[in-house]
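Chain residues, written in single-letter form:
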Amino acid sequence: MNGQRTFFYQVGTFAVGNRLLDPAMRAGQADPDRANALTSGHRACQGCGEALGARYVLDAAMRATGGKLVVVNATGCLEVFSTPYPETSWRVPWLHSLFGNAPAVAAGAAATLRAQGRDDVRVIGQGGDGGTVDIGFGCLSGMFERNDDVLFVCYDNEAYMNTGVQRSGATPPAARTATTPVVGDRSGNRFGQGKDLPVIAMAHRIPYVATATVADLRDLEAKVAHAMSLHGARYLHVLVPCPLGWGTASGDTVRVARLAVESGLFPVFEAEHGEVTAVRPIRRRVPVADYLRLQTRYRHLFTPTRCDDVLDAIGAVAEDNIRRYGLIEHRDVEHREVSP
Amino acid sequence: MFAVRIHGRGGQGVVTAAELLSVAAFTEGRHAQAFPSFGSERTGAPVVAFCRIDTRPIRTREPIAIADCVIVQDPTLLRHVDVLAGLRPAGSVLVNWAGPVDQLELPPGAVAVAATQLALRHVGRPVPNAALLGGFAALTGQVRLESVLDAIRGRFPASLAAANVAAAQEAYDLVRAECEERQDA
Amino acid sequence: MRSQIEGSRAVAEAVALCRPQVIPAYPISPQTHIVEALSERVASGALHPCVFINAESEFGAMSLAIGACATGGRSYTATASQGLLFMAEALYNAAGLGLPIVMTVANRAIGAPINIWNDHSDAMSQRDSGWVQLYAESNQEAVDLHVLAFRLAEELSLPVMVCMDGFVLTHAVEPVDLPDQAGVDAFLPPFRPRQVLDPVAPVSIGAMVGPEAFTEVRYLAHVRQLEVLDRLPDLAGELAALTGRRISAVTPYRCDDADTVVVALGSVLGTLKDTVDELRDEGLPVGVVGVTAFRPFPVRAVAAALAGARRVVVLERALAAGVGGIVTADVRAARPGVACRTVVAGLGGRPVTRASLRAMLLDAVADRLEPLTFLDLNREVVDRELARAAATRRSGPAAENILHDLAGGGR
Ligand SMILES: Cc1ncc(C[n+]2csc(CCOP(=O)(O)OP(=O)(O)O)c2C)c(N)n1
Ligand code: SF4
Ligand SMILES: [Mg+2]
Numbered sequence: 001m002n003g004q005r006t007f008f009y010q011v012g013t014f015a016v017g018n019r020l021l022d023p024a025m026r027a028g029q030a031d032p033d034r035a036n037a038l039t040s041g042h043r044a045c046q047g048c049g050e051a052l053g054a055r056y057v058l059d060a061a062m063r064a065t066g067g068k069l070v071v072v073n074a075t076g077c078l079e080v081f082s083t084p085y086p087e088t089s090w091r092v093p094w095l096h097s098l099f100g101n102a103p104a105v106a107a108g109a110a111a112t113l114r115a116q117g118r119d120d121v122r123v124i125g126q127g128g129d130g131g132t133v134d135i136g137f138g139c140l141s142g143m144f145e146r147n148d149d150v151l152f153v154c155y156d157n158e159a160y161m162n163t164g165v166q167r168s169g170a171t172p173p174a175a176r177t178a179t180t181p182v183v184g185d186r187s188g189n190r191f192g193q194g195k196d197l198p199v200i201a202m203a204h205r206i207p208y209v210a211t212a213t214v215a216d217l218r219d220l221e222a223k224v225a226h227a228m229s230l231h232g233a234r235y236l237h238v239l240v241p242c243p244l245g246w247g248t249a250s251g252d253t254v255r256v257a258r259l260a261v262e263s264g265l266f267p268v269f270e271a272e273h274g275e276v277t278a279v280r281p282i283r284r285r286v287p288v289a290d291y292l293r294l295q296t297r298y299r300h301l302f303t304p305t306r307c308d309d310v311l312d313a314i315g316a317v318a319e320d321n322i323r324r325y326g327l328i329e330h331r332d333v334e335h336r337e338v339s340p
Numbered sequence: 001m002f003a004v005r006i007h008g009r010g011g012q013g014v015v016t017a018a019e020l021l022s023v024a025a026f027t028e029g030r031h032a033q034a035f036p037s038f039g040s041e042r043t044g045a046p047v048v049a050f051c052r053i054d055t056r057p058i059r060t061r062e063p064i065a066i067a068d069c070v071i072v073q074d075p076t077l078l079r080h081v082d083v084l085a086g087l088r089p090a091g092s093v094l095v096n097w098a099g100p101v102d103q104l105e106l107p108p109g110a111v112a113v114a115a116t117q118l119a120l121r122h123v124g125r126p127v128p129n130a131a132l133l134g135g136f137a138a139l140t141g142q143v144r145l146e147s148v149l150d151a152i153r154g155r156f157p158a159s160l161a162a163a164n165v166a167a168a169q170e171a172y173d174l175v176r177a178e179c180e181e182r183q184d185a
Numbered sequence: 001m002r003s004q005i006e007g008s009r010a011v012a013e014a015v016a017l018c019r020p021q022v023i024p025a026y027p028i029s030p031q032t033h034i035v036e037a038l039s040e041r042v043a044s045g046a047l048h049p050c051v052f053i054n055a056e057s058e059f060g061a062m063s064l065a066i067g068a069c070a071t072g073g074r075s076y077t078a079t080a081s082q083g084l085l086f087m088a089e090a091l092y093n094a095a096g097l098g099l100p101i102v103m104t105v106a107n108r109a110i111g112a113p114i115n116i117w118n119d120h121s122d123a124m125s126q127r128d129s130g131w132v133q134l135y136a137e138s139n140q141e142a143v144d145l146h147v148l149a150f151r152l153a154e155e156l157s158l159p160v161m162v163c164m165d166g167f168v169l170t171h172a173v174e175p176v177d178l179p180d181q182a183g184v185d186a187f188l189p190p191f192r193p194r195q196v197l198d199p200v201a202p203v204s205i206g207a208m209v210g211p212e213a214f215t216e217v218r219y220l221a222h223v224r225q226l227e228v229l230d231r232l233p234d235l236a237g238e239l240a241a242l243t244g245r246r247i248s249a250v251t252p253y254r255c256d257d258a259d260t261v262v263v264a265l266g267s268v269l270g271t272l273k274d275t276v277d278e279l280r281d282e283g284l285p286v287g288v289v290g291v292t293a294f295r296p297f298p299v300r301a302v303a304a305a306l307a308g309a310r311r312v313v314v315l316e317r318a319l320a321a322g323v324g325g326i327v328t329a330d331v332r333a334a335r336p337g338v339a340c341r342t343v344v345a346g347l348g349g350r351p352v353t354r355a356s357l358r359a360m361l362l363d364a365v366a367d368r369l370e371p372l373t374f375l376d377l378n379r380e381v382v383d384r385e386l387a388r389a390a391a392t393r394r395s396g397p398a399a400e401n402i403l404h405d406l407a408g409g410g411r
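Sequence lines, in order, name chains A, B and C. Counting from 1, one number per residue, gives the positions in the first sequence under the working numbering. Counting from 1, one number per residue, gives the positions in the second sequence under the working numbering. Counting from 1, one number per residue, gives the positions in the third sequence under the working numbering.
Just so you know, these hints were derived from the structure itself, not from any lab. Being a predicted model, the structure only gives us computed values, none of them experimental. By construction, the Cβ of each residue, glycine as well, lies at the ideal position given by its N, Cα and C atoms. Treat the hints with caution; some may be incorrect.
Per label pair, the in silico range of CB-to-CB distance [said to hold, decoys possible]:
{"#": "1", "chain 1": "C", "residue 1": "206", "chain 2": "A", "residue 2": "231", "range": "51 to 59 Å"}
{"#": "2", "chain 1": "C", "residue 1": "237", "chain 2": "B", "residue 2": "183", "range": "54 to 62 Å"}
{"#": "3", "chain 1": "A", "residue 1": "87", "chain 2": "C", "residue 2": "368", "range": "52 to 60 Å"}
{"#": "4", "chain 1": "C", "residue 1": "197", "chain 2": "B", "residue 2": "153", "range": "45 to 53 Å"}
{"#": "5", "chain 1": "C", "residue 1": "257", "chain 2": "B", "residue 2": "105", "range": "51 to 59 Å"}
{"#": "6", "chain 1": "B", "residue 1": "183", "chain 2": "A", "residue 2": "250", "range": "41 to 49 Å"}
{"#": "7", "chain 1": "C", "residue 1": "277", "chain 2": "B", "residue 2": "183", "range": "31 to 39 Å"}
{"#": "8", "chain 1": "C", "residue 1": "190", "chain 2": "B", "residue 2": "56", "range": "55 to 63 Å"}
{"#": "9", "chain 1": "A", "residue 1": "195", "chain 2": "C", "residue 2": "277", "range": "52 to 60 Å"}
{"#": "10", "chain 1": "A", "residue 1": "120", "chain 2": "C", "residue 2": "380", "range": "53 to 61 Å"}
{"#": "11", "chain 1": "A", "residue 1": "316", "chain 2": "C", "residue 2": "200", "range": "40 to 48 Å"}
{"#": "12", "chain 1": "A", "residue 1": "287", "chain 2": "C", "residue 2": "242", "range": "55 to 63 Å"}
{"#": "13", "chain 1": "A", "residue 1": "250", "chain 2": "C", "residue 2": "217", "range": "56 to 64 Å"}
{"#": "14", "chain 1": "C", "residue 1": "280", "chain 2": "B", "residue 2": "55", "range": "19 to 27 Å"}
Derived lysine to aspartate or glutamate pairs resembling DMTMM-like cross-links, with alpha carbons at most 20 Å apart [to be verified]:
{"#": "15", "chain 1": "C", "residue 1": "273", "chain 2": "B", "residue 2": "150"}
{"#": "16", "chain 1": "A", "residue 1": "195", "chain 2": "A", "residue 2": "319"}
{"#": "17", "chain 1": "A", "residue 1": "68", "chain 2": "A", "residue 2": "31"}
{"#": "18", "chain 1": "C", "residue 1": "273", "chain 2": "C", "residue 2": "259"}
{"#": "19", "chain 1": "C", "residue 1": "273", "chain 2": "B", "residue 2": "54"}
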C-alpha cells in the first residue's frame, strides 16, 4: 500500500479525518446536503449518545433510500426529547405509537407500502434497549420470523433512561440502576442475567444483523447503508452511552463508547443469515477498569475499596467476547499508526 | 399560608430544595407540602418546584400561582421564564447571582446571593440549592437556619451534608448582612 | 411515626410493613419512585425473604404476581397508565382467579397523545375488571389504604387496586404518619389461602368453565365484590384502632343542609374542600362527597350522603368518549331523579384550580351548568378544529390536526 503514513496522536484515536478521505467515502454528516433527519432544537441531555446515534442512522438511511423513508419510534427518551408538542425535531415521516409495539407498527407500515406498490419507500423501526429487548421483544421476534421488510434499530443505553434509569434486560452486570441499587452486599445488577439480542436476532436467520457504536460513526453509517441495500428483516444494535444514566461527563460520550469496544465488552460485528461475516477488531485493548472507571454507575467497584473480584468477573465477560468473536487479530495490536 | 416557588434547571436540585424546605418547616411543627412541576424535562431544562407552609393542614393541590417568595436558582431563566408571575406585591425574591442585584430586572426588594460560587467552594459542584435555602431563611424568617441545616443533614451522607451546611450557613450570613444593611439605609 | 416524606416513599414503607413476599415490577412514570424504594429495601435485606423481580413488561409483572399469589405468596406490584392497560388481560384473570394481589395505580392519563400527567383514565378503564378500587385523597390516606387493602384482599379473595394521583400525590412531600410494625402485624395476619399450588395437596386452578356454570361464577364474583362494602366498616374500625384514622367508602364534607353537592374521587377533594369552605363563608350551601371505594360502588352510602342535595355535580378526572362521565352513571343510579351534572376536569394533568372550581360551583348553584362541562376548555382551539373538520371530513389524529391547521395547512 502506498500513500503517506498518518499519525493521529492528537485525538488519541485511530479515526481518520474526513478531509483525508475520498469524497465518496466521507461520512454522511460531512455532506452539506445531509437530511438532518433529527434536527436541532430537541431536548436531549448534553452529550446524549442516543441523539447522536439516531441522527447518523437516519441521515445515512435517508441517503441510502434517496429520502424515501418512513420511521416508527417506540416510547423512550428518543421519542420524548424529539417531540415536545407542539414541536418536533423530525424531518422524516415519523410515527410514535406505543412502547412495546414499534416493530409490529413498522411491519404494518411496510405491509401497506407493499399493498400499494410503493416498494421504493423503506421502513425503519427504532427504540431503546427496553423497547427492544424487553417489552417489544415479542413483536420484534414476530417481525424477524416473518422476515418483514423492516430495519429495526435498537439504541442501547443499557437501561430504561426515560423513566429515570431502571434496569432493563440489556443492563450489564454490576451496573447500578434505580432498581438494581448498591446497598448491603448487593452490588448493582446481577451477573448471569440479561439478553444478547444481536445473537437472538441471528438465531432467526434474518438477512442482516449488525452491532455498532457512536464511537465509530463511519462504521455505523456504512452498516445502515448496507442494511438499506437489503430487503427483509434486518437488525442494527447501536451502543449509545447516556451521560445521565451512566454518570459520565457529557463530553465523554464518544470516548466511553470507544472504550466499551476496546475493552472487549461490546463486540462490533456483522452477520448475514445467522452467520458472522465480519468483526471490527480491537486495535488497542484496554482493561475493563479503564472503561468502567469513567462511569458513576460503577463507582462502587472502585470506592471505598476496589472490588477486584467483580472487576475480574467483568474482565472475564470481555475475554469471552474476544474469544467468541475473534476480536483481537493475531498481528501486532500495539502499533499506533494506520494507513488510510 | 406561605407559598414559595423555586425556579431552576433540571439537575440543579430544585425539587430537593422544595423538599428540604418542607422538612425544615415540618421540624418546626408546622404543616408543609412540597411538590415538583412534574415534567419530562431533561438535564438543563427549566423546572419549577413548590412549597407551601402553614400552621394548619394543607389540603389544596393546585400549583402555586400566588407566591409569597420566589427563589431563582439560575439567573439565565430570567430571560425565558416569567419567574415573577403571581408574586405578591410585598413578596420576596432571592436570586442566585454573583453580581449586584440591580443588574437584573427584578423588583427593588430582590436579594442576590452567589450560591453557585458558594456551592463550588464548599461542595465542589455547582448545586446552588442548599445555599439558597440558607439565604431563604435569612431573607424571609419563615424557617430557622438551624431547621434548614437539620433538613440538609437528614438528607445527605455526612461529608456531603457538612459541605452543604457550610454553604447554607455562609449564604445565610451574607443575606442577613445584606438585609440589615438595607434596613439601616 | 409521623414524618415529612414523599408520597411514593410513604407507600413503599406501608407496603413493606405488610411484609410482601414477591414484588414484580415494571417501571413507568409516575410509579417509579414506589418500586425503586421497594427494590432498595429488598436489596438491603430489610424485607428478607421478599423477592423483587424486574419484569420485562407489565403483562409480565402481573403474570408473575398471579403465579406468586397462586403459590401462596403475598404479592404486590404497582403501575400506571399504559402499563395498566398492558396488563389488562392479566388483570381480569387475577380477579377471576380470586387472587388477593394488591397493586398501586399511580393514576396517569392514557395516550395517544402520550401524556405522563395525572388523571383517572387508566384506573377507570379497568373498573369492570373485577378488582376492588380504592382512591386516596392524600398520601396519609394512601398509606392507610394499602394496609387495609392487603387485609381486605386476603379476607375476601379479591385483588385490590389502590389508586393515588400520579405526581400530585406520588411526588408530593407532606406529613405522613406510618403505623408501626407490631400494629400492622396484629392487623394483618400471615397470608393463608385456601388453595395453593402445592404438591402436598394438588389442585387444578383455572379450568375452562362452560355455559352451564359461567354465569354462576360471575354472579359469585359480583356478590363477593359487594361483600367488601359490608366488611369495610369493621376492618376500617380495626385499622382505626391502630392508626386513629378511619377510612370509609364514602365521606361527606359539609353536606348537611347543602343543596348543591360535588362528588369526586382522589386528590382533587382537597382543593374542592378549600373551595367549598370559601363559598360557605359567603353563605352558599355547598358540600362535597368523597368516594373512596369506587369498586364496588357504595350505592347506599352515596345515596345517603346525597339525600339532602337538590343538585349534584360529579367532578370526573376521566372521560368516556361518546358519553361524558363515568362516575356520573353510578351516582345517577344511586340518586335517581336528582339533577346530576358532569364536569370533566384535570385531564392529562391540567391543574384543577380553586378559581376554576369556584366559578364552576357558582354556575352550578345558579343552574347555569350544562349537563356536561369541560372545565377550563380552550374553546378557541376546539372551535377552529371543529370548523375545519366540518368543512372537510378526512381522518387524522386530533393533536396533529390542530398543528396542521395552525401551520396554515388547513386541508
Ligand atoms: C406499557 C408501558 N410501560 C411502561 C412505559 C413507561 N416507559 C416509557 S419509556 C420507558 C423506558 C424506555 O427505555 P428504553 O426503551 O431503554 O429507551 P431509553 O429511554 O433508555 O432511550 C418506559 C419504562 C410505557 N410508556 N408503556
Ligand atoms: S437521559 Fe440519557 S438517553 Fe435520555 S436524553 Fe439524557 S442522555 Fe439521552
Ligand atoms: Mg435504554
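These are the hints, each one checked on the structure:
no.	hint	in the structure
1	C:206 <-> A:231: 51 to 59 Å	violated, 44 Å
2	C:237 <-> B:183: 54 to 62 Å	holds, 57 Å
3	A:87 <-> C:368: 52 to 60 Å	violated, 38 Å
4	C:197 <-> B:153: 45 to 53 Å	holds, 49 Å
5	C:257 <-> B:105: 51 to 59 Å	holds, 52 Å
6	B:183 <-> A:250: 41 to 49 Å	holds, 44 Å
7	C:277 <-> B:183: 31 to 39 Å	holds, 38 Å
8	C:190 <-> B:56: 55 to 63 Å	violated, 41 Å
9	A:195 <-> C:277: 52 to 60 Å	holds, 56 Å
10	A:120 <-> C:380: 53 to 61 Å	violated, 42 Å
11	A:316 <-> C:200: 40 to 48 Å	holds, 42 Å
12	A:287 <-> C:242: 55 to 63 Å	holds, 56 Å
13	A:250 <-> C:217: 56 to 64 Å	holds, 58 Å
14	C:280 <-> B:55: 19 to 27 Å	holds, 21 Å
15	C:273 <-> B:150	violated, 33 Å
16	A:195 <-> A:319	holds, 18 Å
17	A:68 <-> A:31	holds, 18 Å
18	C:273 <-> C:259	holds, 16 Å
19	C:273 <-> B:54	holds, 17 Å
Hint check: violations occur at hints 1, 3, 8, 10, 15; the rest are consistent with the structure.
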